[in-house]
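Below are the chains, spelled out letter by letter.
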Amino acid sequence: MKPFDYTRAASAAQAVREYAPGTMYLGGGTNLVDLMRLGVAEPDRLVDVSRLPLDTIESVRDRVRVGAAVRNTDLAVDPMIRARYPMLARAVLTGASGQVRNVATVAGNLLQRTRCAYFQDVTRPCNKRRPGSGCPAIAGDHTNLAIFGASEACVATHPSDMAVALAALEAEVHVTGPGGDRIIPMPGLHRLPGEEPERDTVLEPGDLITAVELPPPPTGATVYRKVRERASFAFALVSIAAVLDVGEDGVVAGCRIALGGVAHAPWRAERAEQALIGGPATGEAFLRAAEAELEQAGPLPRNAYKVPLTRNLIVSTLEGLAS
Amino acid sequence: MNRIEGRVKVTGLATYAAEYPVENVTYAFPVQSQIAKGRVRHVDAQAALAMPGVLTVLSGEDPPPLASGAGELALFQSREVAYRGQIVAAVVADTYENARAAAAVVRVDYDPDDHDVSLRADHPGLYKPDHVNPAYPTDTEKGDIEAGLARAAAVVDVTYETPVLHNNPMEPHAALASWDDEGRLLVYDTAQGTTLSRNTLAKVFGLPKERVRVVSRHVGGGFGSKGTTRPQAVLAAMAARAVGRPVKLVLTRQQMYDVTGYRTPTIQRLRIGADAEGRLTALEHVAYEQTSTLEEFAEQTATPTRIMYAAPALRTAHRLVRLDVATPSWMRAPGECPGMYALESALDELAYALGMDPVELRIVNEPETEPDRGLPFSSRNLVGCLREGAHRFGWEQRDPAPGVRREGEWLIGTGVAASTYPARRSPSKARAVVQDDGDVLVQVAAADIGTGARTALTRIAAEALGLAPERVHVELGDSDLPEAPVAGGSMGTASWGSAVVRACEELKSDGREGTADTTEEVQGDAAFSRHAFGAQFAEVRVSSVTGEVRVSRLLGVFAAGRIVDAKLARSQFIGGMTMGMGMGLMEETLTDEEFGGFLRRDLAQYHVPACADVLDVEAVWLDERDSELNPMASKGIGEIGIVGTAAAIGNAVYHATGHRVRELPITPGKILMF
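First to last, the protein sequences are chains A and B.
All you need for the working numbering is the position in the first sequence, starting with 1, plus 78.
All you need for the working numbering is the position in the second sequence, starting with 1, plus 37.
By construction, these hints were calculated from the structure, which means they are not laboratory data.
Source: prediction; values computed, not measured.
Quick reminder that beta carbons are idealized off the backbone N, C-alpha and C, glycines included.
Be a bit skeptical, because a hint or two may be false.
[What the hints assert, rightly or not] Just a few of them, taken from the derived set where beta-carbon distance is under 7 Å, the chain A residues facing chain B:
#1 Y84
#2 A195
#3 R202
#4 D219
#5 T279
#6 E307
#7 R308
#8 A309
#9 S310
#10 P386
#11 S394
[To be verified] Below, simulated DMTMM-like cross-link-like pairs (lysine to aspartate or glutamate); rule was C-alpha separation at most 25 Å, straight line:
#12 A:K80 x B:E134
#13 B:K240 x B:D515
#14 B:K46 x B:E512
#15 B:K246 x B:E219
#16 A:K80 x B:E219
#17 B:K165 x B:D515
#18 A:K80 x B:D131
#19 B:K179 x B:E403
#20 A:K80 x A:D140
#21 B:K707 x B:D194
#22 B:K604 x B:E42
#23 A:K80 x A:E276
#24 B:K707 x A:E373
#25 A:K80 x B:D639
#26 B:K165 x B:D194
#27 B:K179 x B:E407
#28 B:K707 x A:E369
#29 B:K604 x B:E208
#30 A:K80 x B:E407
#31 A:K80 x A:D133
#32 B:K545 x B:E557
Can you build the whole structure from these sequences, using the hints too?
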């Protein structure tokens with residue numbers, strides 16, 4: 079591990095003032111510290127924001143504001159979250175382990191890095207870690223990597239479960255930074271790799287997430303389901319956060335589908351959503367919608383299974399919500 | 038019995054190799070090859086030597102002398118690189134962090150060659166090794182396979198593949214080495230056998246055995262990966278000699294994947310024929326596997342086929358290829374575990390081809406004597422295990438039709454497989470002495486790698502002496518104690534226990550002390566085929582939506598001689614079965630074809646079962662009497678639990694889905710892509 083300086087910020091404003099190139103903000107550290115040990119992250123300086131007074135969950139009119147430093151466990155067990163956004167509680171609880179969730183923060187969960195094997199091994203090339211060095215995953219191990227929105231430079235996936243639920247809930251990410259305060263609607267925080275796979279998000283240097291704000295819960299039934307070969311403590315092969323609102327007439331009034339484990343960002347299945355809204359809530363329609371979405375899939379040999387998996391998962395999840 | 042060391046372990050007081058308080062200690066950190074084949078042209082240590090706290094950099098530039106010059110332990114003795122991840126240099130510094138930081142700036146220049154890391158059944162480099170691990174014949178053949186297949190009513194000709202698997206003990210491999218003023222070497226090592234580790238280190242450093250001491254009081258799992266001395270012990274000793282101070286070396290999890298052994302991948306072809314009644318007419322099992330260019334390790338994959346079923350034509354063969362990879366080694370039930378996966382899966386396919394119940398198929402082919410050598414079995418209760426298991430599991434109600442039981446999206450299936458493991462023992466020494474308070478101290482250089490060996494030996498000694506176990510104190514894990522074989526081959530308890538019983542018997546007649554050396558006794562063991570047997574039953578639920586497989590029930594029934602201690606035995610069996618579940622459904626190390634070495638070198642990527650995967654795992658055993666084995670009448674139980682589990686699960690997946698996945702692990706992706 080490269081030696082680094084450490085300071086603890088007393089406020090978000092101070093944390094931003096402390097920022098300089100080479101600085102990283104430290105939340106729970108469950109991912110960043112691992113990456114530092116591996117030599118993947120080599121900050122000169124850590125500004126600890128894990129103890130900022132951003133650790134509350136508050137109801138603000140019809141919305142809920144979750145502080146960036148709220149621990150994953152506290153978010154998942156919060157009675158208001160469980161009652162109003164059960165999909166979010168479920169998504170958080172499917173992530174990591176109890177020990178990790180006790181430490182990991184909401185902002186840190188959003189900003190965790192891909193678990194691509196090449197990214198985590200400094201002795202091998204990786205465009206995300208060392209831009210221009212190449213992407214061996216495309217010819218090598220991409221079993222758990224992206225089928226949507228990948229580029230020739232990078233096929234990594236974003237590993238968060240929580241972010242997938244937030245994408246379906248259309249949460250807002252509140253950011254402060256050298257350029258002032260702003261609000262980024264989910265799923266807009268994370269970006270596709272394109273030619274700059276080193277950039278996971280649209281955040282600018284020095285930006286600090288202060289809160290995640292949840293709009294009123296969507297109308298309709300919601301669910302989060304995660305697929306993995308190990309029953310616990312494993313990243314999603316594919317996951318889905320879905321909202322389905324079917325009117326009395328059997329017509330789909332509203333539908334949101336967010337997918338995890340398939341792209342560099344939580345993937346809103348907009349084509350599927352559009353195909354469904356205004357149409358019948360039938361298994362046949364769900365299948366057509368899933369296939370419409372998967373037309374843009376670009377699987378590689380070892381992750382081609384994600385195409386039928388995603389299709390099945392969309393159909394089965396929507397069928398479950400419709401009944 | 039509860040584990041004697043349970044309390045010190047759960048309270049954190051048990052001292053493991055890296056935890057001994059040693060004054061003036063320094064730390065070593067290895068530098069690993071970043072090419073898979075070629076030569077180290079130059080190691081530039083200048084930048085590392087300028088780093089804070091760095092004492093020295095060891096490498097092939099100025100090779101520290103070793104007495105033995107080949108293989109995985111011959112660190113820095115050659116400039117040749119045999120695999121990616123091989124240790125090519127090491128930094129010694131005043132702190133772990135300084136050593137690790139400096140290791141990152143050691144510059145190694147290579148002359149790389151093209152590497153070949155891919156096992157194939159048609160690899161031109163395949164050859165027939167002289168023997169397979171540890172000393173079995175490479176090939177066996179009796180009868181006419183082709184004629185047997187020709188007259189069979191049903192034939193299966195199938196190929197099964199198993200991936201690279203890693204042992205992944207919880208405690209990383211570590212060593213803490215120091216030399217005293219008289220040139221004696223002391224190593225706290227993570228060893229499955231201190232006698233062997235001492236002998237190995239004595240040989241590597243050219244020292245008489247009595248000038249080397251290896252201590253391993255507690256070892257946090259090994260599964261075979263700590264059975265042979267690993268590079269960290271040699272490197273720590275070498276570094277301690279170089280800096281004149283004690284050196285501590287703890288491998289990272291990633292380094293463990295590179296330099297502490299692994300289970301070879303296998304490609305196994307089975308050709309089996311049977312007549313209309315299910316009696317085998319031919320059984321052929323050919324295994325293809327890999328070794329390194331440094332050392333030969335030939336896994337005995339097809340050897341269980343030599344003893345399992347009666348067949349007039351029986352052929353087994355092993356072919357090996359030397360690749361630019363690390364040397365594979367022992368991992369829980371080497372040979373039996375991958376071999377029985379393939380055999381027992383193929384037998385299930387045969388049962389379907391014949392339209393016969395798979396339990397009955399196995400019973401019909403029960404041999405009277407060992408099929409390979411014709412030896413009588415000292416005891417064999419496979420049929421009893423199958424029948425008992427079938428009864429307990431509710432097998433009688435089973436509908437053999439695949440793919441027809443469904444609860445919602447979940448397809449349900451059951452499967453069975455046999456298991457087996459040799460019941461060997463090796464010579465051991467032991468000493469028992471009455472202490473001042475009347476309690477008895479038993480000494481043997483045995484190893485407790487988490488198996489409960491200390492507790493089992495206490496119980497064995499207490500029974501031999503007619504004392505309460507509280508009055509017996511077993512001292513193990515130190516090469517200064519009476520010499521003993523490794524905890525390996527499921528023969529620890531049988532070997533050490535034999536010596537402990539004999540020492541206790543002598544103590545009883547002497548009144549004060551007894552010593553034993555079982556070399557002659559073991560050499561006099563009569564010619565029997567000695568094996569434990571078992572039957573494993575699995576029930577799985579397979580999602581027709583996601584391909585996820587969940588093992589809802591797992592039952593193992595074993596016949597393994599007299600069970601020394603029920604609580605310890607159950608832990609061993611269900612531990613092995615759980616590891617077998619991992620092999621069946623999730624464990625896999627990928628070989629990096631482009632760069633060499635392994636991928637997924639941590640426990641976030643290499644998945645072993647989590648508690649949530651272990652829903653209902655139970656092990657029971659038959660009361661087996663076998664007086665030919667050893668004074669305890671016991672058979673080893675450390676490995677048989679993993680044998681057959683993956684096949685039972687794979688067979689259950691077929692029964693649930695109608696899909697036969699022939700490459701482990703059986704992942705959702707493989708099921709969905711059918």
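Restraint outcome when A:P386 is required to lie within 7 Å of chain B by C-beta distance:
Cβ of A:P386 sits 5 Å from chain B, so the hint holds.
Between the alpha carbons of B:K165 and B:D194, is the straight-line distance 25 Å or under?
holds (22 Å)
Pairwise hint evaluation, B:D515 against B:K165, where the allowed Cα distance is 25 Å at most
violated (38 Å)
For the pair we were handed, A:K80 and B:E134, check the Cα-Cα distance against 25 Å.
holds (9 Å)
Given hint A:R308 near chain B, where the shortest CB pair must fall under 7 Å:
holds (5 Å)
Does A:R202 hold up as a contact with chain B if the rule is Cβ-Cβ below 7 Å?
holds (6 Å)
Within 25 Å, alpha carbon to alpha carbon, are B:K545 and B:E557?
holds (21 Å)
So if I understand the rule, the pair passes when the alpha-carbon distance is 25 Å or less; does A:K80 with B:E219 pass?
Not satisfied, since the Cα-Cα distance of roughly 39 Å exceeds 25 Å.
Given hint B:E407 paired with A:K80 - CA-CA distance at most 25 Å:
It is violated: about 61 Å lies between the C-alpha atoms, which goes past 25 Å.
Verify the interface restraint on A:T279: the C-beta must sit less than 7 Å from at least one C-beta of chain B.
violated (22 Å)
Restraint check for A:K80 with A:D133, where alpha carbons must lie at most 25 Å apart:
Distance ~30 Å between A:K80 and A:D133 Cα, so the pair is violated.
Satisfaction of hint between B:E403 and B:K179, Cα-Cα up to 25 Å:
holds (18 Å)
The structure fails to meet hints 1, 5, 16, 17, 20, 30, 31 from the earlier list, while all remaining hints are met.
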